[in-house]
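2 protein chains.
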Amino acid sequence: MSEFDWIDRYLRPLAKSPGADGLRNDVGVLRPAGSPLIATLDTLVQGVHFLSSDPLDTVGQKLLRVNISDILCKGAVPRDALLSIAMPGAFTEDDFAALCEGLRRDLDAWKIALIGGDTVRTQGPLSLSLTLTGTCLTESVIQRSGARESDRVYVTGKIGRGGLGLRDAQSGIESDHTAHYRVPDIPPPNTADLVAAFATASIDVSDGLLSDAGHIAHESQACIQIDLGQVPFAEPIRDAEHALEMATSGDDYQTLFTAPGSDERRLLATAKTLGVEVTRIGVVCAGESVTLSLNGADIPTPTRTGYRH
Amino acid sequence: MSEFDWIDRYLRPLAKSPGADGLRNDVGVLRPAGSPLIATLDTLVQGVHFLSSDPLDTVGQKLLRVNISDILCKGAVPRDALLSIAMPGAFTEDDFAALCEGLRRDLDAWKIALIGGDTVRTQGPLSLSLTLTGTCLTESVIQRSGARESDRVYVTGKIGRGGLGLRDAQSGIESDHTAHYRVPDIPPPNTADLVAAFATASIDVSDGLLSDAGHIAHESQACIQIDLGQVPFAEPIRDAEHALEMATSGDDYQTLFTAPGSDERRLLATAKTLGVEVTRIGVVCAGESVTLSLNGADIPTPTRTGYRH
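If you're matching them up, the sequences are chains Y and G in order.
Counting in my numbering, the first sequence runs from 3 upward without gaps.
Counting in my numbering, the second sequence runs from 3 upward without gaps.
Just so you know, these hints were derived from the structure itself, not from any lab.
Okay, the calculated bits of chain G under chain Y, using three or more residues with CB under 8 Å as the criterion:
1) 39-45
2) 48-59
3) 80-86
4) 119-133
Derived CB-CB ranges, DEER-like:
5) G:L276 x Y:N192: 47 to 53 Å
6) Y:E141 x G:C287: 52 to 58 Å
7) Y:D7 x G:E237: 33 to 39 Å
8) G:Q223 x Y:A271: 56 to 62 Å
Calculated Cβ distances over 10 Å to all of chain Y for the following chain G residues:
9) D10
10) Y12
11) F93
12) D96
13) A99
14) E103
15) L139
16) E141
17) D170
18) D187
19) P191
20) N192
21) I239
22) R240
23) E266
24) A299
C-beta: ideal position from N, C-alpha, C; glycine also.
Modelling step: build the complete structure from the supplied sequences, incorporating the hints.
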């Protein structure tokens with residue numbers, strides 16, 4: 003079977019929405035949406051963003067999830083996707099099928115319509131790009147620049163799993179963390195509702211908690227004070243160094259956001275109702291940096307605050 | 003200067019629209035649009051879709067133009083772009099700047115807003131993906147499936163330049179064709195108006211004229227009869243073999259479309275007013291294939307009808 007038949011067999015079945023027109027058209031049609039409609043485009047390269055040893059179905063899921071994470075953190079609902087696959091010469095039909103099976107799982111689970119894309123050959127490693135659109139549940143898009151003095155700082159899920167998972171995967175250890183490194187355990191769809199209702203600023207934790215908190219601090223011209231003792235780390239912390247390690251590793255794909263202190267009670271009650279795991283980890287104050295404490299003592303902010311691919 | 007500063011210096015200046023928010027947000031915001039809003043995603047890989055010797059500013063322009071071609075052929079106006087760059091280790095700041103200069107030229111010329119994207123490292127060759135949205139000038143999207151018996155078949159511009167240009171570029175010859183191979187001479191913006199007003203089916207000629215005509219034939223369940231003597235080839239044809247060579251090479255990026263025969267006079271007059279070079283090259287009849295003639299004699303349709311990357 004020719005590689006162009008692979009598209010018929012594996013990819014076309016994933017493109018079921020009217021806007022995809024069975025991948026037979028030159029373009030995908032975005033579904034009508036309330037405004038604002040947003041879009042993100044993330045690329046995963048073998049050997050950089052995933053390991054050559056990672057099963058390809060997990061790579062398909064990771065590709066979707068790193069993009070879903072961007073949409074969710076803006077209080078938006080994922081909608082339509084366009085996919086580009088650059089395949090190395092040795093890529094087989096089984097490889098293609100496995101990749102598509104992973105994509106199918108999360109397209110279905112998140113009700114995302116695959117509406118188009120491109121499949122090409124490369125002399126390099128497998129490279130995957132996905133464009134994902136989303137509909138905001140707010141009237142204007144939540145920026146990184148909206149954090150205000152006396153806001154509280156919140157994060158969903160657990161922090162540090164991406165880094166621990168990479169370490170385990172590289173050592174050949176199969177752990178919960180390894181599973182998260184391959185298929186990020188992103189926050190649930192309801193996260194969009196929570197963020198849309200309360201957030202003044204938001205970002206997804208992809209480079210590392212401190213690095214991404216730094217983006218909010220910089221764009222908001224505010225100081226983000228984080229109490230490392232409050233951060234929901236993936237492992238019980240042994241000491242400051244251990245905490246900093248988990249706070250500066252990437253690939254967590256959780257949502258970090260700020261919200262007015264006066265809303266805290268309602269925010270936490272809403273999170274409980276929505277089933278979104280959320281933890282307060284700090285406050286916003288005057289300044290333009292990230293400051294840290296642990297058990298009441300100041301901790302110097304490290305120079306390297308995250309990991310960039 | 004760190005490679006992350008390159009984004010500040012070269013890429014951020016290109017992202018001027020409100021929806022791009024200076025590339026400071028996780029997502030781009032699509033501009034409000036009439037419906038339908040469409041999107042395309044094409045990838046270019048060094049050594050596959052462009053030559054290592056091609057100047058990088060031309061690669062930036064090519065990346066935009068292969069996507070613009072998809073939008074134009076649907077009778078739509080290009081709007082917003084998301085860009086992914088996977089850079090090899092040896093990619094320098096000058097390389098990045100040159101690539102961005104080419105992008106800038108065509109973003110400006112086509113009034114396209116760059117609203118987001120991703121920049122990553124790869125151990126492989128330079129790989130570029132671009133998602134481009136467009137607003138249709140029609141109420142429903144023009145498909146490949148709308149060609150009807152007795153429709154006429156039209157193509158914009160010249161056919162065969164992509165193939166001739168690749169040949170010249172590989173031989174180190176600097177010709178008009180080489181220039182087209184590097185920076186495709188796509189049809190003008192007004193093409194969208196012409197196609198929207200008249201086309202029953204359309205496609206862009208990227209794989210080769212016969213291959214892409216075959217897509218319309220297949221999807222429309224109709225026969226596309228092409229008179230090779232009418233095709234506006236890039237070189238005067240010597241014989242059938244020469245014509246078939248130019249009709250089966252890719253990278254032309256012209257618009258191929260069908261329209262009712264009764265509209266022909268008005269179509270040609272409108273094309274003249276709009277400044278769009280368009281030529282009638284055949285008719286639609288019963289069947290489901292592509293048939294060819296030259297000087298009144300039937301020419302067998304070759305097995306290889308195009309070039310797929």
